[in-house]
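Produce the entire structure from the sequences given, and follow the hints as far as they go.
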Amino acid sequence: MVDEAGNAALFETLLRLGDNTLVLGHRISEWCGKAPVLEEDIALANTALDLIGQTQMWLGYAAEIEGAGRSADDLAMLRDVWDFRNILMVERPNLDFGHTMMRQFLFDAYHHGLLTALAGSSDPRIAEIAAKAVKEATYHLDRSAETVIALGDGTPESHEKMQTALDLLWPYTSEMFQGDAVDAEMAAQGIIPDPADLRAPWLTRVSATLAEATLTLPQDDFAHKGGRTGVQHTEHLGHILTQMQWLQRAYPGAQW
Amino acid sequence: MVKPDIQTIWGWLDEVPDPEIPVISVVDLGIIRDVVWDGDTLEVAITPTYSGCPATSIINLDVETALRDRGLTQIRLKQKLSPPWTTDWLTAKGAAKLEEYGIAPPSAAGGPSKCPHCQSADVEKVSQFGSTPCKAHWRCLSCLEPFDYFKCI
Numbered sequence: 075m076v077d078e079a080g081n082a083a084l085f086e087t088l089l090r091l092g093d094n095t096l097v098l099g100h101r102i103s104e105w106c107g108k109a110p111v112l113e114e115d116i117a118l119a120n121t122a123l124d125l126i127g128q129t130q131m132w133l134g135y136a137a138e139i140e141g142a143g144r145s146a147d148d149l150a151m152l153r154d155v156w157d158f159r160n161i162l163m164v165e166r167p168n169l170d171f172g173h174t175m176m177r178q179f180l181f182d183a184y185h186h187g188l189l190t191a192l193a194g195s196s197d198p199r200i201a202e203i204a205a206k207a208v209k210e211a212t213y214h215l216d217r218s219a220e221t222v223i224a225l226g227d228g229t230p231e232s233h234e235k236m237q238t239a240l241d242l243l244w245p246y247t248s249e250m251f252q253g254d255a256v257d258a259e260m261a262a263q264g265i266i267p268d269p270a271d272l273r274a275p276w277l278t279r280v281s282a283t284l285a286e287a288t289l290t291l292p293q294d295d296f297a298h299k300g301g302r303t304g305v306q307h308t309e310h311l312g313h314i315l316t317q318m319q320w321l322q323r324a325y326p327g328a329q330w
Numbered sequence: 017m018v019k020p021d022i023q024t025i026w027g028w029l030d031e032v033p034d035p036e037i038p039v040i041s042v043v044d045l046g047i048i049r050d051v052v053w054d055g056d057t058l059e060v061a062i063t064p065t066y067s068g069c070p071a072t073s074i075i076n077l078d079v080e081t082a083l084r085d086r087g088l089t090q091i092r093l094k095q096k097l098s099p100p101w102t103t104d105w106l107t108a109k110g111a112a113k114l115e116e117y118g119i120a121p122p123s124a125a126g127g128p129s130k131c132p133h134c135q136s137a138d139v140e141k142v143s144q145f146g147s148t149p150c151k152a153h154w155r156c157l158s159c160l161e162p163f164d165y166f167k168c169i
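For the protein sequence lines, the chains are E and Z, in the order given.
Oh and the first sequence: position 166 is 240 in the working numbering, straight run, nothing missing.
Oh and the second sequence: position 10 is 26 in the working numbering, straight run, nothing missing.
These aren't lab readings, by the way, just hints derived from the structure by calculation.
Here the structure is a predicted model, which means the values were calculated and not measured.
It is possible that some hints are incorrect.
For lysine-lysine, the following DSS-like pairs were computed, each having C-alpha atoms within a straight-line distance of at most 30 Å [what the hints assert, rightly or not]:
# : chain 1 : residue 1 : chain 2 : residue 2
1 : Z       : 96        : E       : 209
2 : Z       : 141       : E       : 209
3 : Z       : 130       : Z       : 96
4 : Z       : 19        : E       : 209
5 : E       : 108       : E       : 209
6 : Z       : 94        : E       : 108
7 : Z       : 109       : Z       : 96
8 : Z       : 130       : Z       : 113
So, in structure tokens, the structure goes:
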């Protein structure tokens, strides 16, 4: 049994996990039907599907821990911006395909490392969800890394677009590794890894792929943050939610 | 009614087709993890193939319907996440049926050894993702036919 404060920290942690996959899953689903080629369209839609599936497991567990009678659907469809705990990077607009795939790669490399660590969590439910999800993150990462290399080391135009995307996204990556009191409490119990410990392996993985893609790692270490702590989101999250939640807002409890 | 034995029930479940790939059964797919009697209630543990697989709820419905059709009324389906599903659980019968149907079965090599249509070994990957999350899109360079490869996870 965990005490009330422990429950609150665990709930917060599960929201951080589930909101990342929910918001990114929704973002990349926006490509469905209009990606540059059919194969990429299907690949993005399938990745979105995996991420939404993982969301159901994380938010399903979050709802149980909260114990307030809410379901995973309630958490996804009826919370407003200030209650979301995703990192800012995943709510950024897709922009072009290159930017979408660069963000996917930067996230997948983080997600894979995080889920690998979570598969050894002292919380058995988190461990089993992570063990399931890491199998999917593995092929997400294979594919996004492959695409980043193909486009980075592609034509002068694709190279330039990928470098621009990397420069734009880089300041959003540090948020993945910045822990707070919630993380410290959960890490002390062996429930999650210390976010800071995920940084070095991530940087090694990312640097190797970006070097192969002939892209230059930005040196600026300015960090946009506030999403995973709930302090502030970008203006983009509200726009996503209006699209994602409108049906449940307009027709409460609608089912099909 | 007399409680049917577990082996009989496994046989019934082996007649429930996978909704996406109807030539194989849910048992062939390896997603039925456990069938046990808990008193007078039959408990069936099912594991999802992929966490976002949209067929999951249909599979649950089909399993329950099949059991009700056999006269069972007290049925409990439960989701079992751990250990996570792996293509190693696909039965040999299932793999053979997949190939006959035109879907290359999963292979430890990470790709199909041959085209399921013409058996040529001259094949190449088109995309890691095919018509469903569990399949990749390949093509044969001999007969030029595209085909699905059931991914190994």
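Results of checking the hints against the structure:
Between residue 96 of chain Z and residue 209 of chain E, the direct Cα distance comes to roughly 16 Å. Compliance with the 30 Å bound is thereby established for this hinted pair. Restraint check for residue 141 of chain Z and residue 209 of chain E: satisfied, since their Cα atoms lie roughly 20 Å apart, inside the 30 Å limit. The suggested pairing of residue 130 of chain Z with residue 96 of chain Z is violated, with an alpha-carbon distance near 34 Å, which exceeds 30 Å. In summary, the hint linking residue 19 of chain Z to residue 209 of chain E is not supported, as the alpha carbons are separated by about 38 Å, beyond the 30 Å threshold.
For the given pair, residue 108 of chain E sits about 27 Å from residue 209 of chain E by alpha-carbon distance, which is consistent with the 30 Å threshold. With a C-alpha separation of about 38 Å, the suggested pair residue 94 of chain Z and residue 108 of chain E falls outside the 30 Å cut-off, and the hint is violated. At roughly 24 Å between alpha-carbon atoms, residue 109 of chain Z and residue 96 of chain Z fall within 30 Å of each other, so this suggested pair holds. At roughly 15 Å between alpha-carbon atoms, residue 130 of chain Z and residue 113 of chain Z fall within 30 Å of each other, so this suggested pair holds.
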